[in-house]
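Here's the letter readout for the chains.
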Amino acid sequence: MKKQLFLFAILCSSFAAFAQEKFTISGYVKNSENQEVIIGASVVIKENGLGTSSNEYGFFSITIPQGTCTVVITYIGMETVEKIITLDKNTKIDFDITSKATELTEVKISAKRKSDNVKKIEMSTVQMDIKSITKMPALLGEPDVIRTIQTLPGVSTVGEGASGFNVRGGNIDQNLILLDEAPVFNSSHLFGFFSVFNPDAVKSVKLIKGGINAQYGGRASSVLDVRMKDGNRNKYTGSGGIGVIFSRLTLEGPIPFTKKKASFIVAGRRSYVDILSKPFRKGALKEAKFYFYDLTAKANWDINNRNKVFLSGYFGRDVFGSSAFGFNWGNSTTTLRWNHLINEKIFLNTTAYYSNYDYNLGTAIEDGASDGFNWKSNIINYSIKPEFTWYPNSKNTVKFGVQSIYYDLKPGTAEFSSGGIRSSITLANKNALETAVYIENEQKIGSKIIVSYGLRFSGYQFIGKGKSYNYNDTLVGKEKELLSVTDNEAGKIIQEYYNPEPRIALKYDVNNNSSIKASYNRMAQYIHLLSNTAASTPLDMWTLSTNNIAPQIANQVAAGYFRNIGTKSIIETSVEVYYKTMTNQLEYIQNASLLLNETYEGQLLAGLGRSYGVEFFARKNEGRLTGWMSYTFSRSERQTESINQNNWYPARFDKTHNLNVIASYNLTKRIELGANVVFTTGAPSTFPNSKISVQGLNYAHIANDGRNNYRITPYHRVDLSVTFKPKVKENRKWYGEWVVSVYNVYARKNAFTIYFRTNPEDPKQTQAVQYTIISTVIPSVSYNFKF
Amino acid sequence: MKNLLIILGATLLLSSCEKIIDVEVDKEEPLLVVDAFVNNDTTAQQIVLKYSQPYFENGEAKPALGALVKVISAAGDTFHFFDNNSTGVYSWTISPGDTICKTGNGYRLQIDFLGSNYEASSFVNIAPSLDSLKFFENKDFLGNPNGYTGEFYANDPAGQFDFYRIKTYRNDTLFNKSNDLTVSVNGGQFYPGYDGALFIRPTRSAINRNGEPYQLGNKVKVELWSITRDTWDYFSELSSQINNQGLFATPTSNVRTNIIKTSGNGPLVQGWFCTSALTAIERIVK
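Chain order of the listed sequences is A and B.
Residue 546 in the numbering used here sits at position 546 of the first sequence, and the numbers go up by one each step.
Count along the second sequence from 1, add 1000, and you get the number used in the numbering used here.
So here's chain B without its partners, still in its complex pose:
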């Protein structure tokens, strides 16, 4: 909707414009940033610990090394994550057939770092299977290059609020620009949304990029990650912050975190822990 406002504003010849400017901002003490999204997939799972950077610094973030990282299930199973290459990327190597995230179970994240303890908890919600992925040929659509737009079909399970993140890969590359971030509640866009039906259109077609339609032969993969209500809020906040624009921009404000520092004098913490069930569908455009 905001895009529409901007297009129309521009048409009105009121000459609104955006300009990238240099501003000076104060620095704060680096924060510990936890990036912990684990799923039920049978590939290796990773939790990344790094430091925050000054807002305009563009280099790589400094890794947080030497932490003890584990995920504990409600049943008491412990999964240890190790940073074997000293890069801040802590991995749990899977044994065949084993997964961390079992649907309907709760998990806790525990981190010991610089004498401080950090904790977070999450829950694995259900992810419905993706029924199909279809492509439609487009010509002269909104001035875009010719190509194909895709839609995926899935049915939201009835009876509770279900939250999802949708991730799209073209030829194995994740769409991860700021406006690619897509989350959904019950297959819709509003909370509380409607329930137990086919995912609605803006969600179904959120796997396309404006101006970059799919071409014949592209491999397209869509992943549906079940997330918690809290995680949906987190991504919604994050999305509105990083996609800010125009007359109705929202004043910048902090995105929530579910990581809590429980003891010690280590750095303050930001970031997120979420456990997901994952379903996926893949198709070649032809």
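Bound-form chain A, shown alone:
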């Protein structure tokens, strides 16, 4: 409590009254072509150097002494706008900025101010511009947000095609993946080859690995904040692409009869390998279904100067199966947001969302069918989050708010039908309420220092109606014995947890081109993904914290040196070190059986995690040659009682060395070349020592219950691409480009896993099997268009 009081005292002292009369300039920064608001544009007062930047909704507010001043708006790839204002009262002014003439043919979506890397307090953060994502040579020519994220420093993955990503030693469930502020529980299509984000509808992507602000919480390791485009206010436009695996189409424009006060965007994708391959499929495969689709839609409306609303949604599904048996999974999210200007200095955003992830597996049990099986599982959550941003003066920006999330988890219902007799298994529903209050101030001290200090205080209640299970503690590592099951009435608090989560960050400018930053954050996580396979499957089950599963807590310190090199086309560079500890990392007893098991909690173990590393990053955003290089040297380890003789062992995604080079070069105005180079250490794997023979079956034994005692071979790959663009013409209505790409140029057979089994044809023979997901060169051609 003392800590909170202390923070509050600092906060108050920083707003001590100033004698001189001051006024506030506030407004929105927008792109003049489509009236899309611009996130993170720099707003600087030329005379005194005071500045701020536009927030997630394009809003800015700055309070300065009265008099005449020049407001300068800058944003990468956009013309700088300067405006002289005589400030004798609070002034509301919106800025329309225009793309630089040379880049007229390209839609500018998001980038950042040239000096942000050094000047902003945020660290361990990468803001990606969708254009640099689409420039990368991509698998089957389809640019992808998550696969791009996997090339950033501090990010690793179990292997190619695995779903999700691992940030600084965290499991995949430790990433808060937000699409317009609603969490996405499974970010993958087609297992892990593509992500759910349609690049045509994405405005900006920001990955935060450390120094995480108090406004974010609920996951231990990172935040991936994906914001959708709002839709063109000026005219109807479209874009899309035709590729080998799927096609995309996006339409946007003003909503009629709203006097350009409202606009919409609708973007859809569908894969069509199933349709293309149909003539070649035989027998039972003829009826096979395998496709995914998604639809992303958003509308926004400026009600008046002070109020704006946004409604956005995502609906996607993957479907696999035959006529007799199949499974499918999908996310749907809906977000309603309301921006309200309380006054020039206080911006209120209220977000309410609904998010659902579900999967379904089985045969259709239709009426009259005598034999069948059907299994469903889903997790739904509802949340409301009012957040205030207060710009008291030019030195401070205060954010405070509340977030409440209600979880409704139905881990599994399975229906069986045998000989016409039906029966079912239902795993107990789980409900919980997670509430957090937070406050954070970003404060400028002098011209060189920015500090940010905040506190998020989260509380969690596991509540009825539902069952709770009481287990006996047995030998660690053995399945716990169920003692009793309690039926809890609706609303009864079965278990509660509270966690203060302090967040602190500091930036010091060494000089105009370099700075030092440091941060500490503590994160609490109350929901967990259960997965004991090498790569997470779409059928993995989410669980809530309960009386048996404590929340995961992560503590992270990070420090870094940031430097911009060059003057004309700047190269942003940084070196960061981090150390992170994690508690209550879920592990599983040997051969745990998690699916449709009512007493799965008895098979869980709580372990510790730690990770540390150094990350090098260099990025060039402008010029003929653009791209980035990242190199990470790191360790990600776990320690769990009863595993590996209680010693630390590497996590499944521990990659000691991780190098990525992504480059794009404008050969001519119409030809662009792209290249990716990836090298990582092989993933850890468990190799057996002995062969045991029982009942004519041979199985493996690992000495001392070892875990991840070997490594598979290193992973490396090169991809190339060429983009052919049309001639630049005034008033061109249709813009189309061809992208030819080659993935895995030298056909490296990278190991995904190595596993040990008996020869399927001869149970006496044991064998080591290297499993490769992509074992050949994958060329592709795609065509992208805008109109």
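Among the hints, a few may not be true.
Keeping only pairs whose Cα atoms sit at most 27 Å apart, straight-line, the calculated DSS-like set for lysine-lysine is [unchecked claim]:
| # | chain 1 | residue 1 | chain 2 | residue 2 |
| --- | --- | --- | --- | --- |
| 1 | B | K1139 | B | K1177 |
| 2 | B | K1177 | B | K1286 |
| 3 | B | K1062 | A | K764 |
| 4 | A | K89 | A | K46 |
| 5 | B | K1019 | A | K764 |
| 6 | A | K206 | A | K131 |
| 7 | A | K478 | B | K1261 |
| 8 | A | K46 | A | K568 |
| 9 | B | K1139 | A | K289 |
| 10 | A | K30 | A | K478 |
| 11 | A | K395 | A | K385 |
| 12 | A | K119 | A | K444 |
| 13 | A | K46 | A | K22 |
| 14 | A | K733 | A | K786 |
| 15 | A | K92 | A | K259 |
| 16 | A | K669 | A | K729 |
| 17 | A | K786 | A | K729 |
| 18 | A | K89 | A | K444 |
| 19 | A | K467 | A | K478 |
| 20 | A | K260 | A | K83 |
| 21 | A | K92 | A | K399 |
| 22 | A | K749 | B | K1019 |
| 23 | A | K119 | A | K22 |
| 24 | A | K764 | B | K1177 |
| 25 | A | K764 | B | K1027 |
| 26 | B | K1177 | B | K1134 |
| 27 | A | K764 | B | K1167 |
| 28 | B | K1027 | B | K1177 |
| 29 | B | K1219 | A | K764 |
| 30 | B | K1221 | A | K764 |
Negatives, chain B to chain A, calculated, CB over 12 Å [said to hold, decoys possible]:
| # | residue |
| --- | --- |
| 31 | T1078 |
| 32 | R1108 |
| 33 | S1116 |
| 34 | E1119 |
| 35 | L1133 |
| 36 | E1137 |
| 37 | Y1148 |
| 38 | N1179 |
| 39 | G1264 |
| 40 | G1266 |
If you are wondering where the hints come from, they were derived from the structure by calculation, not from laboratory data.
Note that CB positions come from ideal geometry on N, CA and C, so glycine has one too.
We have chain A; now place chain B onto it with these hints.
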């Protein structure tokens, strides 16, 4: 389900592939391996004691000789097993009408070997009778050769969890490839399953081999072994380990053992002891 994933993955032309590779693994001290599955059948019962081998060694396992092996019932009856041929196969020769495993009774296994004592216990659960075995003719089924697929019918007794292993013999040869291993709970595939009904379809038809349908004249025998919950876990773990494959392979981990070394400095032990009631049905495909 995993098979389905693999078929679909392959259709997606993402060129996933499996390759058998050579890897070097460390050796450990040989373990004593106990293979003790006894049943109520009136044929000779066997318990096999051998040593473990380095993982990639393909020769015969070395027998563990000179052990004293006995099974003791809860009532105190002792059944001695002898290795008459020095092969590590310890047998108990039955007198007519006598059985070891009486349904509803507990049994202990005791082994004295190299100055160490090893123990395990088990229980004989009920095995329902197999009501019938039927064959259906298949043509052009999933690209398989033409032939017959079989299904057996049995009703799970209501009221408790019942665990079973299903063993299938064609012309007196046991189906014993890694994916032939079939266990069931209450006639279903999940624990806790449903109860007291006809065995459900994936279990009923688990007596068929993909690509090798039965032919006219084949003699097919299906055995239902009652097993303990622990044994069901053991076989489930074993099956998932030896059938590992694909994108969602499980990291290799140890399969449980119920044999405990209670004293001495003899080798560490792995393996399993289970007592079963056994029912069977046999039919010629015609």
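Quick rundown of the hints versus the structure:
1. Restraint check: the Cα-Cα separation between K1139/B and K1177/B comes to about 25 Å, which is no more than 27 Å; the hinted pair holds.
2. For the suggested pair K1177/B and K1286/B, the alpha carbons sit about 26 Å apart, so the restraint of at most 27 Å is met.
3. This hinted pair checks out: K1062/B and K764/A have alpha carbons roughly 15 Å apart, not beyond 27 Å.
4. Simply put, K89/A and K46/A have alpha-carbon atoms about 19 Å apart, close enough for the 27 Å limit, and the pair holds.
5. At roughly 19 Å between alpha-carbon atoms, K1019/B and K764/A fall within 27 Å of each other, so this suggested pair holds.
6. The hinted pair formed by K206/A and K131/A meets the criterion: a straight-line CA distance of about 14 Å does not exceed 27 Å.
7. Restraint check: the Cα-Cα separation between K478/A and K1261/B comes to about 18 Å, which is no more than 27 Å; the hinted pair holds.
8. In summary, the hint linking K46/A to K568/A is supported, as the alpha carbons are separated by about 21 Å, within the 27 Å threshold.
9. Using a Cα cut-off of 27 Å, the hinted pair K1139/B and K289/A holds, with the two alpha carbons roughly 23 Å apart.
10. With a C-alpha separation of about 60 Å, the suggested pair K30/A and K478/A falls outside the 27 Å cut-off, and the hint is violated.
11. The hinted pair formed by K395/A and K385/A meets the criterion: a straight-line CA distance of about 26 Å does not exceed 27 Å.
12. Between K119/A and K444/A the alpha-carbon distance is near 11 Å, which keeps this suggested pair within the 27 Å criterion.
13. The straight-line distance between the Cα atoms of K46/A and K22/A is roughly 17 Å, inside the 27 Å bound, and the hint therefore holds.
14. Taking the CA atoms of K733/A and K786/A, the gap is near 8 Å; set against the 27 Å cutoff, the hint holds.
15. The suggested pairing of K92/A with K259/A holds, with an alpha-carbon distance near 21 Å, which does not exceed 27 Å.
16. With a C-alpha separation of about 12 Å, the suggested pair K669/A and K729/A falls inside the 27 Å cut-off, and the hint holds.
17. Taking the CA atoms of K786/A and K729/A, the gap is near 14 Å; set against the 27 Å cutoff, the hint holds.
18. Taking the CA atoms of K89/A and K444/A, the gap is near 24 Å; set against the 27 Å cutoff, the hint holds.
19. Straight-line distance between C-alpha atoms of K467/A and K478/A comes to about 23 Å, which keeps the hinted pair within the 27 Å bound.
20. At most 27 Å may separate the alpha-carbon atoms for a hinted pair to count; K260/A and K83/A meet this at roughly 25 Å.
21. Proposed proximity of K92/A and K399/A is supported: the alpha carbons are some 21 Å apart, at most 27 Å.
22. This hinted pair checks out: K749/A and K1019/B have alpha carbons roughly 10 Å apart, not beyond 27 Å.
23. Between K119/A and K22/A the CA atoms are separated by roughly 25 Å; this keeps the pair inside 27 Å, and the hint holds.
24. At roughly 9 Å between alpha-carbon atoms, K764/A and K1177/B fall within 27 Å of each other, so this suggested pair holds.
25. Under the criterion of a C-alpha separation no larger than 27 Å, the hint pairing K764/A with K1027/B is consistent with the structure, at around 19 Å.
26. Distance check on the hinted pair: K1177/B and K1134/B sit about 23 Å apart at the alpha-carbon level, within 27 Å; holds.
27. For the proposed pair K764/A and K1167/B, the alpha carbon gap of about 18 Å is at most 27 Å, so the pair holds.
28. Using a Cα cut-off of 27 Å, the hinted pair K1027/B and K1177/B holds, with the two alpha carbons roughly 26 Å apart.
29. Between K1219/B and K764/A, the direct Cα distance comes to roughly 25 Å. Compliance with the 27 Å bound is thereby established for this hinted pair.
30. Distance restraint check for K1221/B and K764/A: the Cα-Cα separation of roughly 23 Å lies within the 27 Å cut-off, and the hinted pair is therefore satisfied.
31. Once the 12 Å rule is applied to beta carbons, T1078/B is consistent with being away from chain A; the minimum gap is 24 Å.
32. Remark: the non-interface label on R1108/B is consistent with the geometry, its nearest Cβ contact in chain A lying 19 Å away (cut-off 12 Å).
33. Against the 12 Å criterion, S1116/B stays outside the reach of chain A, whose nearest CB is about 18 Å from its own CB.
34. Non-interface status of E1119/B relative to chain A is upheld: no Cβ of that chain comes within 12 Å, the nearest being about 17 Å off.
35. Under the 12 Å C-beta cut-off, the non-interface status given to L1133/B relative to chain A holds; the minimum distance is some 15 Å.
36. No Cβ of chain A approaches the Cβ of E1137/B within 12 Å, the least distance being about 17 Å, so the stated non-interface status holds.
37. With a minimum CB-CB distance of about 18 Å to chain A, Y1148/B clears the 12 Å threshold, and the non-interface call stands.
38. With a minimum CB-CB distance of about 6 Å to chain A, N1179/B fails to clear the 12 Å threshold, and the non-interface call is violated.
39. With a cut of 12 Å on Cβ distances, G1264/B stays outside the contact zone with chain A, its closest approach being about 20 Å.
40. For G1266/B, the non-interface assignment is confirmed: its Cβ lies about 16 Å from the closest Cβ of chain A, beyond the 12 Å cut-off.
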